[in-house]
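Novice: Protein sequences appear in the order of chains U and G. Quick note on numbering: the first sequence equals residues 1127 to 1684 in this note's numbering. Quick note on numbering: the second sequence equals residues 2 to 251 in this note's numbering.
FYI, nobody ran anything at the bench for these hints, they're computed from the structure. All residues carry an ideal CB built from backbone N, CA and C; glycine is no exception. Do not rely on the hints blindly, as some may be mistaken.
[Claimed, not checked] Once the Cα atoms are required to be at most 25 Å apart in a straight line, the calculated PhoX-like pairs of lysine-lysine come out as:
no. : chain 1 : residue 1 : chain 2 : residue 2
1   : G       : Lys149    : G       : Lys29
2   : U       : Lys1580   : G       : Lys149
3   : U       : Lys1673   : G       : Lys128
4   : G       : Lys128    : G       : Lys27
5   : U       : Lys1666   : G       : Lys128
6   : U       : Lys1580   : G       : Lys216
7   : G       : Lys56     : G       : Lys97
8   : U       : Lys1580   : G       : Lys128
9   : U       : Lys1560   : G       : Lys128
[Stated by the list, open to error] Which chain U residues stay away from chain G? Per the calculated CB distances, all over 12 Å, these:
no. : residue
10  : Thr1152
11  : Thr1484
12  : Asp1574
13  : Ile1655
14  : Ile1681
Listed below, chain by chain, are the residues.
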Amino acid sequence: MIPGAGVLLATSSPGTINGIPFLTITLAVLATSIRVLALILLSIISGWLLAYGAIKSKIFENVFISLIEIFESVPVITFFPVVLIIFVNRIGGELGVELAADFLVFTAVVWNIWMGEYQAFKTVPNEMVEVANNYDYGFLDRMSMIYIPFSIPRIAANLFPSVSDGFFYITVSEVFSIGLTTYATFGIGTEISALLAESNYYGILTAFIIMGLVIVVIILGLRSFSERAVARYTVDTDMPIMRRGKPRIRQTARLSAVASLNTLGKLAKYNRERRPQKDPEELFSTNPRNGKGNIIIGIIALAILVYIVYSAVELIMSVSASEWGYLFSKTPYLLYGLLLDYIRVLSITAVSLVLALTLGYYFATRRRVEKFGIPIIQTISAYPVPAYFPFIFLGIYPFVDSIFGPYTEESLVLLLGFLATFYYVFYGFWMGVKAMPAEYNEIMRNLDMGFFRKMRYVILPSTFPYLIAGITSTVNSAWGGLEIGEYWPNIAGGKTLQVHAGLMKTIDLATSSGNIALAAWGSFLFAMIVAVYSIIFTRKMMDLAKKKYVAEEGIYSV
Amino acid sequence: MEVVDLDFRYENGYKVFQDINLKAEKGKFVAIVGPSGVGKSTLLRLLGAFLKPEKGQVLLHGKPVLRPTPLISMVHQSIVTFPWMTAEENVALSVKTRNLPKDRVKEISSHALEMVGLQGFNDLYPKEMSGGMRQRVAVARSLAAEPKILLMDEPFAHLDELTAEGLRQDIYNILFNEDSPLETVIMVSHNLTEVIELSDTVFILNGSPATIVAKVDIDIPRPRSPRDPAFDQMLDRLYSYLTKKEVKKQ
Ligand SMILES: Nc1ncnc2c1ncn2[C@@H]1O[C@H](COP(=O)(O)OP(=O)(O)OP(=O)(O)O)[C@@H](O)[C@H]1O
Ligand SMILES: [Mg+2]
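In isolation and in its complexed conformation, chain G is listed as follows:
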């Protein structure tokens, strides 16, 4: 997936982006970081074609993405579930778009719940689940659509640290297991530790209107530990990009 020379402004005239260029390669976990309010959520909405750019293009396999598609699936910054559906029905909602027979839908939804560690909780309503469980349901719903690109907006932000850590450890393996058609994950976060723990590539968004001020590849071997000195070094480096006003591209 690729973004070319993208400009965007909101209807009230506020210019959020100027000249955004980024490339998210196949098999990579990509993170977008930036200070609060810089436009990270907006950028994800542009990638998913929920918003239309003023200028420039979003390309998937070289073809422009013009409207939202199940191939590019979004996990929202707020945890979104449908309170009138059980966990399984919530997930099935995105399987149904593929027009499969009923038992196949059930099978896929159950499997998706299993992948996020919710086996046996199929019949619970969101109200009966904790925040972490609900977020897993939301992730399972996105995965069950079998997207090529997964967009995640602060997926761990509303979870307590313990739950977040657990989900973080699972998520990389869930995402890139061999029988998933998923090609690329693009995650927005302002938690740098989380970003270094998970990503292969980090884009740093800063300024107003915002641009990509740096691209950093992280090649620390997995599993990564915050106690590793290389981890710390990386943390300092990312931190400096976020605090400096103007940074040369790497």
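Only chain U is shown next, with the shape it has when bound in the complex:
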């Protein structure tokens, strides 16, 4: 039966045609989209305030940036079992569940945006700040006339990955189980689970179509917004612009790094040659307004820090000695799981990388393919994998089973991880190729270089900074994919998707059986190791990239 093709059946809920609850589905899609967009907006606005605090107070800047760096390099999703429980237990009710869902989406979208805004604020041209000082602008004037407009192109560049990240987690954030209880808040994620439980496949198909339409509309809107943002808010001058010193961190690892290196063409010129400058705002530190602001922001930062340390200590004290013994005895197994997970993440990343290189190159060199291909890929990537993966699972399970036998579930989990992450490295590489100087292209053609020679000598080195940023995002999302995939009870057709062993699975299992201590300990080990690894590795790579592989520096001219 095709929806709307023939007979209209009257059913219990309004807007239901042929057993498909069109009205509910549409409202659910809207609820979810509004949730994602509103949280992005909240990230943007809070980010402006925080970034302003960061350029005003050194103490606050250090705390703020260190926290972003840690949260950016740890896939925050792994904390969620624990965080969700806090929301549900402490706040409880519908509000608790709603806030838990919001919190999850918020933490998925916020870091890119905050970091992008901070970098923008930090790189506002000296001349503009001097004008503001000259006329003694207040906070609101500074924000509305200088800082906010200046941050718009950077925000625009970060919106795509944030929207994708936001949608990615809807199915897990709107419905989740702790122990035997299932909590749900209204939205398309919940609605799809409900339809799935009723085996209402036309309903699900309808949900996908409506969600697809809404995502396309959002993507198109974002595209035109970012084009306009760049055209309007990018300072139009070829003069070298003096800057207010380097952002304190080397380079953030995520896609915001891509944006900050060179996105959307014109942004490039802000990133040439940064000389340490005397901070003009510091010259006026005798200004009473700035002085007070500094102290207040410093005190707030300190208070937050004290609170975090206090809660951590309180939590640790509350764990009994015997429980610590149990946790330590489990540690080797947890580390073994982590090792397996690392291998999974590496394989996913390697496959994504190879595909991104070939496909990205193909796209970037064929204008017509690119014109249609990129929006399609952006739309697909914004389409939440966890929402449609059960159907892929149902569809290909027998086929994969006949090939991989005992490794069927393992390969399906890897596939889920791949689908969740491929986009980032692809997009990073593609932007890198686009940002490559046109002259390089002509030299490659002039010298009649073959594909591998081009890759080795020109394309890979020039896209290196973009690739590193893309790979880092890919790695982080791969962890998110594993968190969802390694233990997915009742995924479809009464089956449970699970791997034989893995840290993510252990955490998931511990959460759903109510063993919070083990889940928390696993998350903690994971966070420590992954954070240390990514901070060290990513920083090394970013430093190398910035030192040696900036293609824009290869052109000496205008």
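We have chain U already, so just place chain G with the ligands on it with the hints.
Specialist: Frame of chain U, contents of chain G with the ligands only:
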């Protein structure tokens, strides 16, 4: 190398050229001059087949040039080097296209660097070099491909006057020494002094869409000095072609 009845327009519909005809003979240093924005860089890109003409042909030894080839080598208007490669590696990039053994590649690249006066700077990265040195690396890279035709787009424009003068004095001898297979150099410039100092033939590009409005042969004996009255006369003559709207072909 020869250009026959060439028309060209950019994708946005802007017609740059109409009926361009020019002939660059073997053993000649040819200059193309014209006001800024007239299409000089575009013409070089057409000669190198980086762009496709709307009408007409580019011929090398009577055969049409359909896509870029190492035989026609381009030195860009902006100085282009690869920051992740040393001077020698930058040059070796174009030797590698000839599939030679490793030590031969090294030998040729070193030799090319020597020709442009950069012996001993093989292991420097572009970042560690001045603009003039980088431009020499770019020239060496083009020469190392052993082209028959060398296309140079404002090769001295980004250099300070002293460096430019030094490189200018070297370049003619570098280009036409006996063991180079180079046949013709085509240089774009809007610096008339430089053009008179170096070239055998000058084509003047003007109008919109642009055409060749004049061809001038310069037979002042080398080395040429701007203090020579013949030099001055030539300067006046070229200048008048550039300022007049319509000029009869010589
Ligand atoms: N990709 C392009 N698309 C459309 N028009 C272009 C493009 N590139 C150049 N043009 C136009 O073609 C004309 C010729 O450009 P070109 O760069 O060849 O000039 P030029 O003579 O080299 O100038 P200059 O002396 O400043 O280097 C210019 O008017 C320019 O605006
Ligand atoms: Mg030019």
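Novice: So, for every hint listed, does it hold in this structure?
Specialist: Okay, the hints, checked on the actual structure:
Proximity of Lys149 of chain G to Lys29 of chain G is assessed by CA-CA distance (about 12 Å); at most 25 Å being required, the pair is judged to hold. Using a Cα cut-off of 25 Å, the hinted pair Lys1580 of chain U and Lys149 of chain G holds, with the two alpha carbons roughly 23 Å apart. For a cut-off of 25 Å, the pair hint linking Lys1673 of chain U to Lys128 of chain G stands: about 10 Å separates their Cα positions. For the proposed pair Lys128 of chain G and Lys27 of chain G, the alpha carbon gap of about 37 Å is over 25 Å, so the pair is violated.
Between Lys1666 of chain U and Lys128 of chain G, the direct Cα distance comes to roughly 20 Å. Compliance with the 25 Å bound is thereby established for this hinted pair. For the hint pairing Lys1580 of chain U with Lys216 of chain G, the CA-to-CA distance comes to about 39 Å; that exceeds 25 Å, so the pair is violated. With a C-alpha separation of about 34 Å, the suggested pair Lys56 of chain G and Lys97 of chain G falls outside the 25 Å cut-off, and the hint is violated. For a cut-off of 25 Å, the pair hint linking Lys1580 of chain U to Lys128 of chain G stands: about 22 Å separates their Cα positions.
A hinted pair counts as satisfied when its Cα atoms are at most 25 Å apart, and Lys1560 of chain U with Lys128 of chain G qualifies at roughly 23 Å. Under the 12 Å C-beta cut-off, the non-interface status given to Thr1152 of chain U relative to chain G holds; the minimum distance is some 42 Å. For Thr1484 of chain U, the shortest C-beta to C-beta distance to chain G comes to about 22 Å, beyond the 12 Å cut-off, and the non-interface label holds. The beta carbon of Asp1574 of chain U sits about 6 Å from the closest Cβ of chain G, which is not more than 12 Å, so the claim that it is off the interface is violated.
No Cβ of chain G approaches the Cβ of Ile1655 of chain U within 12 Å, the least distance being about 32 Å, so the stated non-interface status holds. For Ile1681 of chain U, the non-interface assignment is contradicted: its Cβ lies about 5 Å from the closest Cβ of chain G, within the 12 Å cut-off.
Hint check: violations occur at hints 4, 6, 7, 12, 14; the rest are consistent with the structure.
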